[in-house]
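Residue numbers (full-length UniProt numbering), protein chains in the order written: chain A, 1 to 275; chain B, 1 to 275.
Because identical chains share one entry, a pair is satisfied inside a single copy or across any pair of copies.
Lysine-lysine pairs mimicking DSSO-like chemistry, simulated, CA-CA at most 27 angstroms apart:
1. Lys-79 / Lys-5
2. Lys-195 / Lys-263
3. Lys-79 / Lys-3
4. Lys-78 / Lys-3
Since the hints were derived computationally from the structure, they do not count as laboratory data.
Number of protein chains: 2
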Amino acid sequence: MKKLKRSARLVELTQYLLNRPHTLIPLTTFADRYGAAKSSISEDLAIIKEVFEDEGMGDLQTFAGATGGVRFIPKMTKKQALLFAEDLCAQLEQRDRILPGGYLYMSDLLGEPSLMNEAGKIFATAFAEKEIDCVMTVETKGIPLAYATGAQLNLPVVLVRRDHQVTEGSAVSINYVSGSHKSIHTMSLSRRALKEKSRVLIVDDFMKAGGTIQGMVDLLAEFNAEVAGVGVLVESGAVETEERLLHDYVSLAKLTAVDFKSKQILVSPGNYFES
Amino acid sequence: MKKLKRSARLVELTQYLLNRPHTLIPLTTFADRYGAAKSSISEDLAIIKEVFEDEGMGDLQTFAGATGGVRFIPKMTKKQALLFAEDLCAQLEQRDRILPGGYLYMSDLLGEPSLMNEAGKIFATAFAEKEIDCVMTVETKGIPLAYATGAQLNLPVVLVRRDHQVTEGSAVSINYVSGSHKSIHTMSLSRRALKEKSRVLIVDDFMKAGGTIQGMVDLLAEFNAEVAGVGVLVESGAVETEERLLHDYVSLAKLTAVDFKSKQILVSPGNYFES
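Construct all of the structure, not just a fragment, from the sequences and the given hints.
See below:
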């Protein structure tokens, strides 16, 4: 036990809470940790709560009673999220991203941990009230986004593989249809990776008709697990409504047009900002 | 501009710094942000620096002069790192991890964002003094570790693919030999993913002889880039020294024995703790 002045306690408490999102911490933990009275800790937390709320960083939930404590729920305001989305759109519209076949090069953006963490915070905000047991994605490009979201929600990440790997043990495999060519692919999930009846948040970097995500939904059924939500960084708006396999999802950006000839790309904020 | 009391400023400053590791922030930024005199900000930072150092959370570097400012270098003490490694070893020794072929099931551990972030902090500490431009890994299981490390070092992550993807544009592919069967594999990196002469930190989840990592080293040569360091979460000690392709690396855990019959697994802290 170490005795700390309020000023030092505030720094300590702030970093402690930021490192433990969505985790209930009993006040006694802090009282013991800092050799301070619970009343002083409560005053500290009131100060922190006010700053977090003024900054739009999230909620500091306090629970009274013996089982009481404090829990930090990281959030990003719609305003901050929109600024993020508009910046993302501007970067996605850089003409040199267009690849043969009208594909868009995004790996540089997906390679920025800070950018992924911001997106993860937005998904954590969008799904903060949902009851979720884990975050799921299929390899490869959605992985950083899934981990960023899982970190903010304090949830494990379940990774679906394209092929069955020797390092995964027994696995359940399914076939799914995806891509403009409606080609058949396989995805596989280790039997021990997911508990029955889990409530799963599906996250991916890009969605067109939604075949890949529908594949994950079908895979969840094999585990008697259910979808708690779907979040995609970028959705393609160039899809006929009847083609779209999935309708209930959150997107942060929407790719509305890619013209290979004129090298024109149009991206607007996703459906998260429509409501 | 908002005027904040010292108590609120300390909370604000702490979260601001924690969210921007390895980033030089001019004092004027804070002075303007909080409508406070630089001298007051300096006093705040002194308090934060002391707490960070007492907690072994890292260094708060302050630079005087017009170009001066402050930079947070996240670190973990060897003692804290060893506690992490010992816990990791204990979990890896759970007998039900053994898979046919003597492989070890690790996906549950690799699926814990908080665990990956701790490991990332250790690598960020181990390579804090190195001059590094980006973190590199090859899909799939090393990705969360690479991002956790990149986030702590404020560096982008470069992702090597097993096959050439349409979404990557033109790419450089190489063949490499890996696994106990010395089988030939291919790995591929988008031309635009890595700048010439980059200094690269290679990160992966598991290393046996080091064939896969040697493949990444060979790939770097194709880009006239160089290796700044190599970090692996778990290394296999069951390798003859002459078999080992790689000798300069940091490991956090060492798998010394896996007995499929007796379901015995032996794991000890890695070479990071030998020095």
